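**Q** Note that the protein sequences, when read in sequence, are chains A and B. Using UniProt numbering, the letters of the first sequence correspond one by one to residues 1 to 234. Using UniProt numbering, the letters of the second sequence correspond one by one to residues 1 to 500.
Be aware that a few hints might be false.
Restricting the straight-line Cα-Cα distance to at most 20 Å, the calculated cross-link-like pairs of lysine to any residue (SDA-like) are [claimed, not checked]:
id, chain 1, residue 1, chain 2, residue 2
1, A, Lys53, B, Tyr117
2, B, Lys297, B, Thr7
3, B, Lys32, A, Arg59
4, A, Lys62, B, Tyr117
5, A, Lys154, A, Thr98
6, B, Lys32, A, Arg73
7, A, Lys53, B, Asn407
8, A, Lys41, B, Lys162
9, A, Lys41, A, Lys62
10, B, Lys33, A, Phe74
11, B, Lys32, B, Gly359
12, A, Lys53, B, Asp488
13, B, Lys72, B, Asn407
14, B, Lys32, A, Pro194
15, A, Lys53, B, Lys203
16, A, Lys41, B, Glu490
17, A, Lys53, B, Arg118
18, A, Lys161, A, Ile101
19, A, Lys62, B, Asp488
20, A, Lys62, A, Lys161
21, B, Lys307, A, Lys154
22, A, Lys96, A, Asp128
23, B, Lys33, A, Ala69
24, B, Lys140, B, Gly359
25, B, Lys33, A, Arg73
26, B, Lys367, B, Gln135
27, A, Lys62, B, Arg118
28, B, Lys33, A, Lys154
29, A, Lys62, B, Arg489
30, B, Lys33, A, Lys62
31, B, Lys162, B, Lys203
32, A, Lys62, B, Lys140
33, B, Lys33, A, Glu159
34, A, Lys62, A, Thr187
35, A, Lys62, B, Trp253
36, B, Lys132, B, Thr157
Quick partial rundown of chain A residues pointing at chain B, CB under 10 Å, derived from the structure [as the list claims (entries may be wrong)]:
id, residue
37, Tyr81
38, Ala192
39, Thr196
If you're looking for bench data, these hints aren't it; they were derived computationally from the structure. Small disclaimer: the values here were computed from a predicted structure and weren't measured. All residues carry an ideal CB built from backbone N, CA and C; glycine is no exception.
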Amino acid sequence: MADSNLPKPSSSVKLVLLGEAAVGKSSLVLRFVNNDFQENKEPTIGAAFLTQKCNLPTRTIKFEIWDTAGQERFASLAPMYYRNAQAALVVYDLTKPTSLIKAKHWVAELQRQASPGIVIALVGNKLDLTSDGAGDAADGSGEDGGEDSGDARKISTEEAKGYAEEEGLLFFETSAKTGYNVTEVFTAIANAIPETSLKTARGPGASHAAGRTEEQRVNLNGPRDAEAKDSCAC
Amino acid sequence: MESLSDTLWDVVISGTGLQQSLLALALSRSGKKILHIDPNEFYGGPEAAFSIQEADAWVARVSASSDGGIFKSASFARPEEAITGLSASRGYSLALAPQFIHARSALLSQLVSSRAYRQVEFLAVGSFYIFKPSQDAGQKPSLTRIPSTREEVFSTTAVSAKAKRSLMKFLKFVLDYENSPHLETWQPFAEAPLVDLLQSSFKMDTELQTYIVTLTLSLDGKIRTKDGLAVIRRHLSSMGVYGPGFAAIYPKWGGLSEIAQVSCRAGAVGGAVYMLGTGIEETEIVTGEGEGEGEIKLRLTSGDTVKTRKLVRVDERPSGRVGISRVTAVIGSPLKSLFEATMEGAPRPAVSVIAFPAGSISTVAGKASEYPVYLSAHSSETGECPVGQSVVYLTTLTNPNAQEILNNALVGFISATSDAEPSPVLYRLQYEQLAGSDKSHIEGSVFNLPAPSASLSFDDTTLESVREAWAMVMGDDAGGAEYMVFEDREGAAEEDDGYE
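Using the sequences and the hints given, assemble the complete structure.
**A** Encoded structure:
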């Protein structure tokens, strides 16, 4: 357990997934967390909570992911998830125009209600259903506009990207099915979280607490009484 | 998907205050059909945490309605000179229930065993201070740190050598107070005020007595010996449980509000249906023989009518007991000196507690404070205000002078903690919280939870009525079920969390 490597600072980031039903929110999380995909996944009931680490060169970000049910009826769940969230992933299905409208509603609500400084990523999922495919194209930017015949794409990259730029959102097109661009979304979010909102974990004056990066956070899962005695061992 | 009214719910939980939310958590793996509603547009009920804008709106609602529930006389103020100092509204999370939680509280063991703790960030509650008013006009009032461990008593310079000896003797006594020979010492005083014991058995002077009584956080300052000893023992035995140098912790982002939210999330993950902005308009118990007897028909403010086997709500009717008055203030200073680690290796505290003993504050008319005032100072680490500011919560028992005493205590506190210029008050919220019923009661299929406790640190008796409500909803299924003991849900475990 006691490794000689100096541990990188690690911080927790609360992330919430929002979007219309069946756009692939849970599938994106499943791909990111377990590198797995399920066809015909059951709809999420209520919500789900998952965690996954993301290693950056200088720090480790631990995502605490709240995946919400898109078909929730009373719009009463989302507020309890985006409260204090540092990041949000707003997902639409790029073969379904109404899902982008819903995504825009979520973006507006986040901008009105969520913490100031929340990092929002707009994600068009199901790229595997378009003629761009998902995976081979090195840049994945879909420059051809995606109106090819036999292509299920209904929302062009330009349209969504333009909107994302106007609103200051990160933007990606992904395929949870093939895994294309999924890790990239989370890495980009991790990189975009401002240093200041990670302050709790990093805490000024952490220098004397060698190896202990979350200086202020009290851990309830520790060896309780033993910890009080051992704490000066460093 | 079934509609609201086609479902026969196992339970409708009304309100998302801490108690109802903990019930939702307790039932989150039961498979019961749960409809959880709240007339408010926010979570947390009487334990909610507000942005500035939400606090303003809450004040308007409490003042406008003839039935503000357990709250009344709410108002807010933004001192004009401070308008530029206040940040964006959503940068604040002002807690209606800023209680901290002692490390030995059963709430924490339940949060751990139910795995809900993984989503809460806890911060240390640091030192306890006593406010000393200025002795003469030229002097500032001051804050004296209360030594609350034997090590601190040993090293403190705040009390005389004689006082140290009696404090040491007392701390040793409390740790073993339920056993002979200590038992015989205090039992004759059991129902008498704690100060009587301190005076006659430990020969403490008034100042030292005040230190001890402050540690009990007694709202009227007149705590009985048997209660006082239990509270001080809890404090001492909580010391060091989760790390050196602190006895209590505080949930980041608004205290009990965060626990309520996390519990509701667990309820939602378990499949409960949530509706905000929806209250109960009418309750009708189905009577008569046969099918459906004892079921409850509820007409909701949303227009829906739902049927349920049980209803759990909070009894908000005021009782004859005295409630509390509160002032919550955003201060335009980080109050750094209050949030320094108390010992090597201790986490930097985010909360400090300052007690103003009875008589230490007076009104303009010269009337001295009848009850102690307690002030909880929170740093920006609590997430309740932006960096560079702090939030203070002042509480005293309601009395005709309470608001003036609280505001004068705030002025005294600012004077004691400011160097040259007094730190500005950027926002001030004040209100009264009535004391409701302190016991749960059952009427047929309806479980009435007691009103929230006014105590300054979390009151474990709250957990008992939640558990009773759980047992009622579970019925025969309660037998084999463990209470609040759950496995981590898939994907939620933190394999190498913590000890890095």
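**Q** Work down the list of hints and note, for each, if the structure agrees.
**A** Cross-check of the supplied hints:
1. Restraint check for Lys53 of chain A and Tyr117 of chain B: the C-alpha separation of about 19 Å stays at or below 20 Å, so the hint holds.
2. At most 20 Å may separate the alpha-carbon atoms for a hinted pair to count; Lys297 of chain B and Thr7 of chain B meet this at roughly 12 Å.
3. About 42 Å separates the Cα atoms of Lys32 of chain B and Arg59 of chain A, which puts this hinted pair outside 20 Å; it is violated.
4. Of the pairs offered as hints, the one joining Lys62 of chain A and Tyr117 of chain B holds, with about 16 Å between alpha carbons and a cut-off of 20 Å not exceeded.
5. Taken as a hint, the Lys154 of chain A and Thr98 of chain A pair is honoured in the structure, with Cα atoms around 10 Å apart against an allowance of 20 Å.
6. Taking the CA atoms of Lys32 of chain B and Arg73 of chain A, the gap is near 19 Å; set against the 20 Å cutoff, the hint holds.
7. Restraint check: the Cα-Cα separation between Lys53 of chain A and Asn407 of chain B comes to about 47 Å, which exceeds 20 Å; the hinted pair is violated.
8. Using a Cα cut-off of 20 Å, the hinted pair Lys41 of chain A and Lys162 of chain B is violated, with the two alpha carbons roughly 73 Å apart.
9. Distance restraint check for Lys41 of chain A and Lys62 of chain A: the Cα-Cα separation of roughly 26 Å exceeds the 20 Å cut-off, and the hinted pair is therefore not satisfied.
10. With a C-alpha separation of about 16 Å, the suggested pair Lys33 of chain B and Phe74 of chain A falls inside the 20 Å cut-off, and the hint holds.
11. For a cut-off of 20 Å, the pair hint linking Lys32 of chain B to Gly359 of chain B is broken: about 53 Å separates their Cα positions.
12. A C-alpha spacing of about 17 Å is found between Lys53 of chain A and Asp488 of chain B, which places the hinted pair at or below 20 Å, so the restraint holds.
13. Using a Cα cut-off of 20 Å, the hinted pair Lys72 of chain B and Asn407 of chain B holds, with the two alpha carbons roughly 17 Å apart.
14. Pair hint Lys32 of chain B plus Pro194 of chain A does not hold up; C-alpha atoms about 42 Å apart against a cutoff of 20 Å.
15. A C-alpha spacing of about 58 Å is found between Lys53 of chain A and Lys203 of chain B, which places the hinted pair above 20 Å, so the restraint is violated.
16. Distance check on the hinted pair: Lys41 of chain A and Glu490 of chain B sit about 16 Å apart at the alpha-carbon level, within 20 Å; holds.
17. About 15 Å separates the Cα atoms of Lys53 of chain A and Arg118 of chain B, which keeps this hinted pair within 20 Å; it holds.
18. Restraint check: the Cα-Cα separation between Lys161 of chain A and Ile101 of chain A comes to about 14 Å, which is no more than 20 Å; the hinted pair holds.
19. Distance hint between Lys62 of chain A and Asp488 of chain B is fulfilled; the C-alpha atoms sit about 17 Å from each other, no more than 20 Å.
20. Distance restraint check for Lys62 of chain A and Lys161 of chain A: the Cα-Cα separation of roughly 27 Å exceeds the 20 Å cut-off, and the hinted pair is therefore not satisfied.
21. For the hint linking Lys307 of chain B to Lys154 of chain A, the alpha-carbon distance of about 43 Å lies beyond 20 Å, and the restraint is violated.
22. With a C-alpha separation of about 14 Å, the suggested pairing of Lys96 of chain A with Asp128 of chain A holds against the 20 Å cut-off.
23. Using a Cα cut-off of 20 Å, the hinted pair Lys33 of chain B and Ala69 of chain A holds, with the two alpha carbons roughly 17 Å apart.
24. Distance check on the hinted pair: Lys140 of chain B and Gly359 of chain B sit about 17 Å apart at the alpha-carbon level, within 20 Å; holds.
25. The suggested pairing of Lys33 of chain B with Arg73 of chain A holds, with an alpha-carbon distance near 16 Å, which does not exceed 20 Å.
26. A threshold of 20 Å between alpha carbons decides the hint, and for Lys367 of chain B with Gln135 of chain B the separation of about 17 Å falls inside it, so the pair holds.
27. The suggested pairing of Lys62 of chain A with Arg118 of chain B holds, with an alpha-carbon distance near 12 Å, which does not exceed 20 Å.
28. For the given pair, Lys33 of chain B sits about 39 Å from Lys154 of chain A by alpha-carbon distance, which is inconsistent with the 20 Å threshold.
29. At roughly 17 Å between alpha-carbon atoms, Lys62 of chain A and Arg489 of chain B fall within 20 Å of each other, so this suggested pair holds.
30. Distance restraint check for Lys33 of chain B and Lys62 of chain A: the Cα-Cα separation of roughly 33 Å exceeds the 20 Å cut-off, and the hinted pair is therefore not satisfied.
31. Of the pairs offered as hints, the one joining Lys162 of chain B and Lys203 of chain B holds, with about 10 Å between alpha carbons and a cut-off of 20 Å not exceeded.
32. For the hint linking Lys62 of chain A to Lys140 of chain B, the alpha-carbon distance of about 47 Å lies beyond 20 Å, and the restraint is violated.
33. Among the hinted pairs, Lys33 of chain B with Glu159 of chain A is inconsistent with the structure: their alpha-carbon atoms are about 43 Å apart, more than 20 Å.
34. Between Lys62 of chain A and Thr187 of chain A, the direct Cα distance comes to roughly 11 Å. Compliance with the 20 Å bound is thereby established for this hinted pair.
35. Restraint check for Lys62 of chain A and Trp253 of chain B: the C-alpha separation of about 19 Å stays at or below 20 Å, so the hint holds.
36. Proximity of Lys132 of chain B to Thr157 of chain B is assessed by CA-CA distance (about 16 Å); at most 20 Å being required, the pair is judged to hold.
37. Among the interface hints, the one on Tyr81 of chain A holds; its C-beta lies about 7 Å from the nearest C-beta in chain B, closer than the 10 Å criterion.
38. This hint is violated: Ala192 of chain A has a C-beta 19 Å from the nearest C-beta of chain B, more than the 10 Å allowed.
39. Taken as an interface hint, Thr196 of chain A checks out: its beta carbon lies about 7 Å from the nearest beta carbon of chain B, inside 10 Å.
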